[in-house]
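Could you put together the complete structure from these sequences and hints?
Which chain is which? The protein sequence lines are A and B, in order.
Be aware that the first sequence starts at 233, since it is given in my numbering, and climbs by one per residue.
Be aware that the second sequence starts at 135, since it is given in my numbering, and climbs by one per residue.
Mixed in with the good hints, there may be bad ones.
[Claimed, not checked] Some but not every residue of chain A turned toward chain B, in silico, with C-beta under 7 Å:
| id | residue |
| --- | --- |
| 1 | 556 |
| 2 | 602 |
| 3 | 605 |
[To be verified] Pairwise CB distance ranges (calculated):
| id | chain 1 | residue 1 | chain 2 | residue 2 | range |
| --- | --- | --- | --- | --- | --- |
| 4 | A | 612 | B | 182 | 22 to 32 Å |
| 5 | A | 654 | B | 365 | 25 to 35 Å |
| 6 | A | 489 | B | 278 | 51 to 61 Å |
| 7 | B | 369 | A | 489 | 22 to 32 Å |
Please keep in mind that the hints were generated in silico from the structure rather than gathered at the bench.
Each residue gets a CB set at the ideal place from its N, CA and C atoms; glycine is no exception.
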Amino acid sequence: MWKTLPVSTRHDGATRPGNSGATGPATRFSVRGRLALRAAAAAAWASQKAGRGKGSMIGGLIALKIDPTLMSQLGSGKRTVVITGTNGKSTTTRMTAAALATIGDVATQADGANMDAGIVAALSSHVDASLAAIEVDELHVPHVSDALQPQAIVLLNLSRDQLDRVGEINMIERKLRAGLARHPDAVVIANCDDVLVASAAYDAPNVVWVAAGGGWAGDSVSCPRSGEPIVWEERTGDATGIAYNHWRSTGTDFERPTPDWWLDDDHLYGPDGSKIPMSLTLPGKANRGNAAQAVAAAVTLGARAEDAVAAAASVREIAGRYSSVQVGAHTLRMLLAKNPAGWQEALSMIDHDVDGLVIAVNGQVPDGEDLSWLWDVRFEHFEGVKVVASGERATDLAVRLTYAGVEHTLEPNPLRAIASCPPGRVEVLANYTAFRDLNTAIAKENRDA
Amino acid sequence: MPESTVRIGLVLPDVMGTYGDSGNALILRQRLRMRGIDAEIVEITLSDPVPESLDVYTLGGAEDSAQRLATRHLARYPGLQKAAGRGAPVLAICAAIQVLGHWYETSAGERVEGVSLLDVTTSPQAERSIGEVITRPALDGLTQPLTGFENHRGGTSLGADATPLGRVTHGVGNGVGDGLEGVVQGSVISTYMHGPALARNPELADLLLARALGVDALEPLELEEVDRLRRERLAVGR
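Given below as structure tokens:
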């Protein structure tokens, strides 16, 4: 009934890197590869003991230095799903890993480190797993796919990230498209509501289209294939009666493909008329789209759809995001956003019944030093909620809020900003380094308390 | 001062709005409303002809293909050029400089005709200019340093009819080695300070508004956070 590929039913137990002996998948490693894995494990252990974070990156970096072919050696025995896109990578990877775990052992990142070293670290921490769900930075997808030969590649969405660092979004789409062309056997799980993703996947021979939603059309007014305008119109799905935004290019034969999977507020619909109730632990529409793509990927590798949905629905926290934390008189919910589309999604998740909202914005290199995107985000009115502009670039945010007519106060230190809210529930929305630094500060505060 | 609502044209935000440039139209509207003057934003998309009757116009930046669509639309519906001809103020951001010039060369080396509202031409620089930019204003009516963020590959050369908006004290500016930033010609003011340039430069915002209203100056608006933002961003240049 489902589109399936041969499934290995082997359930290997996890083993420590380097101690796999002569049997099992470890025999596929070269002597140099085994040496690299052992060195990586030692370095990760040492780094962790030294209190320098999770250690996985250090291990991966050292392993790659000793044996640059390690990634393909690690990937060779696994059936792998690669997950990429501007937003939702870590969440979807976590959901895909959960869904794949219904059919076997899964190697995956614990920490969202999605470039070479982090990927090698994730794979080498679970060498004997038969399956892998690997988050990959957009620009790294082509060479990582060459190394891992994934069975499925999940394309979530493409929108403007920090342009002062990465480059223009159309270039990324073209690189992804070229990368996919080298892997005609991979099944591409692509979001048909995202024009740029659809363009990247359009020529691939095996595509499973998922109507995962397109919250941010701002980067796709012109057709990535012809340069002519894209025309949007609201339509109602014939079978389901669900309204969606159809799009088509006015310059070439390129329009929204008909989805194999789609959603409403309560269900996930799949091939052959299946309709599965889906209620997620994570908030927001965007996460429902992420879950749909995770389920489609897991089903492609042989999972039962109902099991995959249940697994994805149980995911509750991703590296501290969405988590609840108590600090003094405040119960915080932590939301992370890294770019305009992510901010718009996160703002839609804000609970208007809370007592305070702290928005923390930094402008360091990992965040993007250009804060212009603040003006692409629609800031709503938060009646009855105390709003505090915070972070190293709190003033840029405060000016934005002033012109949006949103009443607020200004306190650059996020901990003090939280403390300035009335006791009770506080939503904290932060960009990358602000989120990271605040988590560290909260951990210290609660340790010292 | 006119009795009726001030109408602010936001020109082609669907194709020319790469970096929050539509913020400029919002800032103009809010600075009028904060003074008790009615104002509204009129969005002009690729499906609309460009009206020539609006009081002030803003245009934003774009990537190559979107820039080409915008150029074609403005040439087909020359409302903006007619409005500028009668003296309506126009604020053009980043790639809009290139669209309003005689021609610009794309990163692929192709030359694309502009609408010739500005006596400038644009060719790619060797490297992209990215970062904070600060200038000393060269336009009558502006006394305070201008501050913004630039991110552009194009280098723009000014012809005889064009003058600069400012002289660079930090950053790159127009990118052809003459130390100039932006272009002023008639009622058109343009700058490589991209995105919401007016957020950091309220004096420039009020100059555009005063011209739109046909008055010498507007009553001052005290926005403490805007002053604080200027102090923070100008400190980058020290």
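Status of each hint after checking the structure:
1. A cut of 7 Å between beta carbons decides the hint on residue 556 of chain A: the least distance to chain B is about 31 Å, and the hint is violated.
2. Using the Cβ-Cβ criterion of 7 Å, the hint placing residue 602 of chain A at the interface with chain B is satisfied: the shortest such distance is roughly 5 Å.
3. A cut of 7 Å between beta carbons decides the hint on residue 605 of chain A: the least distance to chain B is about 6 Å, and the hint holds.
4. Taking the beta carbon of each, residue 612 of chain A and residue 182 of chain B are about 27 Å apart, inside 22 to 32 Å as hinted.
5. Separation of residue 654 of chain A from residue 365 of chain B is about 30 Å and conforms to the stated range, judged on CB atoms against 25 to 35 Å.
6. A hinted range of 51 to 61 Å for the beta carbons of residue 489 of chain A and residue 278 of chain B is consistent with their spacing of about 53 Å.
7. Between residue 369 of chain B and residue 489 of chain A the C-beta distance comes to about 51 Å, which lies outside the given range of 22 to 32 Å.
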